[in-house]
Amino acid sequence: MRPLMLQGHERSITQIRYNREGDLLFSSSKDSKPNVWFTINGERLGTYNGHQGAVWCIDVDWTSTKFISGSGDMSLKLWSVETGKNIASIESKSSVRCCNFSYSGNQAAYSTDRAMGQDCELFIIDVRTMDSSLNDAQPILRLPMKNSKITSMLWFLDETIITGHENGLVSIYDTRMGREVNSVKEHTSVIQDMQLSRDMTMFVTASKDCTAKLFDADSLVCLKQYKTERPVNSAAISPIYDHVVLGGGQEAMDVTTTSTKAGKFDSRFFHLIYEEEFARLKGHFGPINSLAFHPDGKSYASGGEDGFVRIQVFDQSYHELVFE
Amino acid sequence: MPALDDYKSSWADEIELESGSLPPPTEEIDENGVKTVTEYKLNKDDKKVKVVRTYKLQKLVVSKSIAHRRSLHKFGDSVNDEPGPNSQTTFVSEDINMQLITNKEEERSNDTVLDPKNQFAKCRFCNGGHFTTNCPYRHTAAYIEKILDTKPAASTSAAETTTSKSGGKYVPPFIKDQQNKNAASKGGRDDTTAIRISNLSESTSDADLEELTNKFGRKSKMYLAKDKNTGLCKGFAYVHFYSKEDAAAAIETLDGFGYDHLILKAEWSKPQYN
Chain A
1 MRPLMLQGHE
11 RSITQIRYNR
21 EGDLLFSSSK
31 DSKPNVWFTI
41 NGERLGTYNG
51 HQGAVWCIDV
61 DWTSTKFISG
71 SGDMSLKLWS
81 VETGKNIASI
91 ESKSSVRCCN
101 FSYSGNQAAY
111 STDRAMGQDC
121 ELFIIDVRTM
131 DSSLNDAQPI
141 LRLPMKNSKI
151 TSMLWFLDET
161 IITGHENGLV
171 SIYDTRMGRE
181 VNSVKEHTSV
191 IQDMQLSRDM
201 TMFVTASKDC
211 TAKLFDADSL
221 VCLKQYKTER
231 PVNSAAISPI
241 YDHVVLGGGQ
251 EAMDVTTTST
261 KAGKFDSRFF
271 HLIYEEEFAR
281 LKGHFGPINS
291 LAFHPDGKSY
301 ASGGEDGFVR
311 IQVFDQSYHE
321 LVFE
Chain B
1 MPALDDYKSS
11 WADEIELESG
21 SLPPPTEEID
31 ENGVKTVTEY
41 KLNKDDKKVK
51 VVRTYKLQKL
61 VVSKSIAHRR
71 SLHKFGDSVN
81 DEPGPNSQTT
91 FVSEDINMQL
101 ITNKEEERSN
111 DTVLDPKNQF
121 AKCRFCNGGH
131 FTTNCPYRHT
141 AAYIEKILDT
151 KPAASTSAAE
161 TTTSKSGGKY
171 VPPFIKDQQN
181 KNAASKGGRD
191 DTTAIRISNL
201 SESTSDADLE
211 ELTNKFGRKS
221 KMYLAKDKNT
231 GLCKGFAYVH
241 FYSKEDAAAA
251 IETLDGFGYD
261 HLILKAEWSK
271 PQYN
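In order, the protein sequence lines correspond to chains A and B.
Under the UniProt record's numbering, think of the first position of the first sequence as 1, with each following residue one higher.
Under the UniProt record's numbering, think of the first position of the second sequence as 1, with each following residue one higher.
Treat the hints with caution; some may be incorrect.
Claimed, not checked - Sample of chain B residues with no beta-carbon within 12 Å of chain A, all distances over it, derived:
(1) Val34
(2) Glu39
(3) Asp45
(4) Ala67
(5) Arg69
(6) Pro83
(7) Gln99
(8) Phe131
(9) Arg196
(10) Asn199
(11) Glu211
(12) Met222
(13) Tyr238
Claimed, not checked - Simulated pairs of lysine to aspartate or glutamate, EDC-like, Cα-Cα distance not exceeding 16 Å:
(14) Lys85(A) x Asp77(B)
(15) Lys64(B) x Asp209(A)
(16) Lys282(A) x Asp95(B)
(17) Lys56(B) x Asp77(B)
What the hints assert, rightly or not - These stretches of chain A come out as covered by chain B in the derived footprint (C-beta under 8 Å, 3 or more residues):
(18) 20-28
(19) 36-45
(20) 67-78
(21) 111-117
(22) 198-204
These aren't lab readings, by the way, just hints derived from the structure by calculation.
Even glycine gets a Cβ: it sits at the ideal position worked out from N, Cα and C.
The task is simple: from the sequences and hints, build the whole structure.
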């Protein structure tokens, strides 16, 4: 199938995310308007207008009614998915780097940057009542991060939060006890992205140290490692096959200082277990910043530094692939 | 008399249509569910352009929630968009095939280069972990030197004599000239020690030729055929050696030698017939 190109953003894509059923695709970029698209034909349903700065993170709850976005304008905004109306805006002391809904969609977590004399902090808020009262509601939990900034985050069900840090640390926080339960430092550089497998027993991390690693979501044991020769910005696990897709490329600011060979901007497909690369897909003309598999595993989307989102439906040969 | 309804448009109207406004867009759906939309518009140069788009109509059975979302009104920056994808924001890119990485052998040979413990091939030239035929330096002149060194004694006897000669007793030029004269046929030039090298690449320069042949012994003359206008090599060259052995050694080594991705041909120069 020919890939769909979605050109709704004026600047580089920061994150893309499918909803649970996979009929909608959300994208955010360094311009201030997150977009939502129909995945079936690439039609744009709408944009969420209201932020003043770059949008770093987005998430949608499992019912596809609530949408949150965190921005460099030091706010977290909650939106109605269907109408694009802003429901609440929570001010923070520095820019919001990561935001996620919990599995049930009753809570949301967000983290702020260490900047302007503010420490990096992790907040958990109750989002069951979706109205403007959230604007000045107190967070359920507020955890200061002493050692390193949070750069990626995941909810594991409703009880624990997995965080990836700037120094390569991966930690698990118990939200009810409000403290760190476990942490490992397998990466040597910033963890850019973390995504859970479909059964939520494992997650894959993407790090600037040129590797992606597969962790057990409970014990944080590093199970597998996928090596490349360039920084990995995003990694996702196929919901139907033992495949991992990695996207990356050097940072835009480093393009002129690295050789042209290092700047390949393909998506790279690895076998989950054999750790072996088996395919590549070209497309973007800049580094890929975010990747996501469609929940049915038959297509995937990527958002790049070039400002495009591409939806690629796998052709038959991908599904017939056999490993010896 | 025919009913007036039969004349839906008079020819005068049609002419007006052609010269002025654009024909109305048409939509057709055939039995295979392929919708064809034909539109007419003016392009930048005010020329009429016909735009034909074909769509495949598909019916999908989806869950209620998805069906509900399909019927939502557009909002934000898309609020004024028509139903269906807007060509401003959504377009189909060219087909891109997945590149399968199946060449395991290539990977394996690369591994051996990286891992010095598993070296089963060793290059005779650069001592790298590959076969000599795969040596990345094999198309350089330094390669010849190496080959000459490592060749069995019998075949390099010619080369040896040259080295012993050049390293041995000094022979004054006039005596040498006399020797040459003895060997020379009529005229001042001796063509018996000349070789012709052909199938040289266009980019070959005098310096390259010099480098290529100076290991075999002393040369009296060297001629690289060049194009008058472009100055590029025409693909052949003549090299005159002082001794016939040197020339023989050169032919033996250079004939079939891969240089600059071409296989050279070296042979004795044929005498000129006037």
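Verification of the hints:
Residue-level check passed: Val34(B) sits 15 Å from the nearest beta carbon of chain A, beyond 12 Å. Every C-beta of chain A lies more than 12 Å from that of Glu39(B), the closest at about 19 Å, which supports listing it as non-interface. A cut-off of 12 Å between C-beta atoms confirms that Asp45(B) is not in contact with chain A; the least separation is 26 Å. For Ala67(B), the non-interface assignment is contradicted: its Cβ lies about 9 Å from the closest Cβ of chain A, within the 12 Å cut-off.
Look at Arg69(B): its CB is around 6 Å from the nearest CB on chain A, not clear of 12 Å, so calling it non-interface is violated. Remark: the non-interface label on Pro83(B) conflicts with the geometry, its nearest Cβ contact in chain A lying 8 Å away (cut-off 12 Å). Not every C-beta of chain A lies more than 12 Å from that of Gln99(B), the closest at about 5 Å, which undercuts listing it as non-interface. Residue-level check passed: Phe131(B) sits 25 Å from the nearest beta carbon of chain A, beyond 12 Å.
Residue placement check: Arg196(B) keeps its beta carbon more than 12 Å from all beta carbons of chain A (closest about 41 Å). Residue placement check: Asn199(B) keeps its beta carbon more than 12 Å from all beta carbons of chain A (closest about 32 Å). Here Glu211(B) stays apart from chain A, with its beta-carbon at least about 29 Å from theirs, past the 12 Å limit. Distance to chain A confirms Met222(B) as a non-interface residue, since its nearest Cβ pair spans about 39 Å, more than 12 Å.
Every Cβ of chain A is farther than 12 Å from the Cβ of Tyr238(B); the closest lies at roughly 42 Å, confirming the non-interface assignment. A hinted pair counts as satisfied when its Cα atoms are at most 16 Å apart, and Lys85(A) with Asp77(B) qualifies at roughly 12 Å. Our distance criterion of 16 Å between C-alpha atoms is broken by Lys64(B) and Asp209(A), whose separation comes to about 44 Å. Our distance criterion of 16 Å between C-alpha atoms is met by Lys282(A) and Asp95(B), whose separation comes to about 10 Å.
The hinted pair formed by Lys56(B) and Asp77(B) fails the criterion: a straight-line CA distance of about 27 Å is larger than 16 Å. For the stretch 20-28 of chain A, the proposed coverage by chain B is satisfied: 3 residues have a C-beta within less than 8 Å of a C-beta in that chain, meeting the threshold of three. Check on the stretch 36-45 of chain A: 8 of its residues sit with their Cβ under 8 Å from a Cβ of chain B, so the three-residue criterion for coverage holds. Here the stretch 67-78 of chain A counts 0 residues with a CB under 8 Å from a CB of chain B, which misses the bar of 3, and the coverage is violated.
Counting residues of the stretch 111-117 of chain A whose CB lies closer than 8 Å to any CB of chain B gives 0, which falls below the minimum of 3, so the coverage claim is violated. Check result for the stretch 198-204 of chain A against chain B: violated, 0 residues qualifying (beta carbon to beta carbon below 8 Å, three or more required).
Hint compliance for this structure: hints 4, 5, 6, 7, 15, 17, 20, 21 and 22 are not met, and every other hint is.
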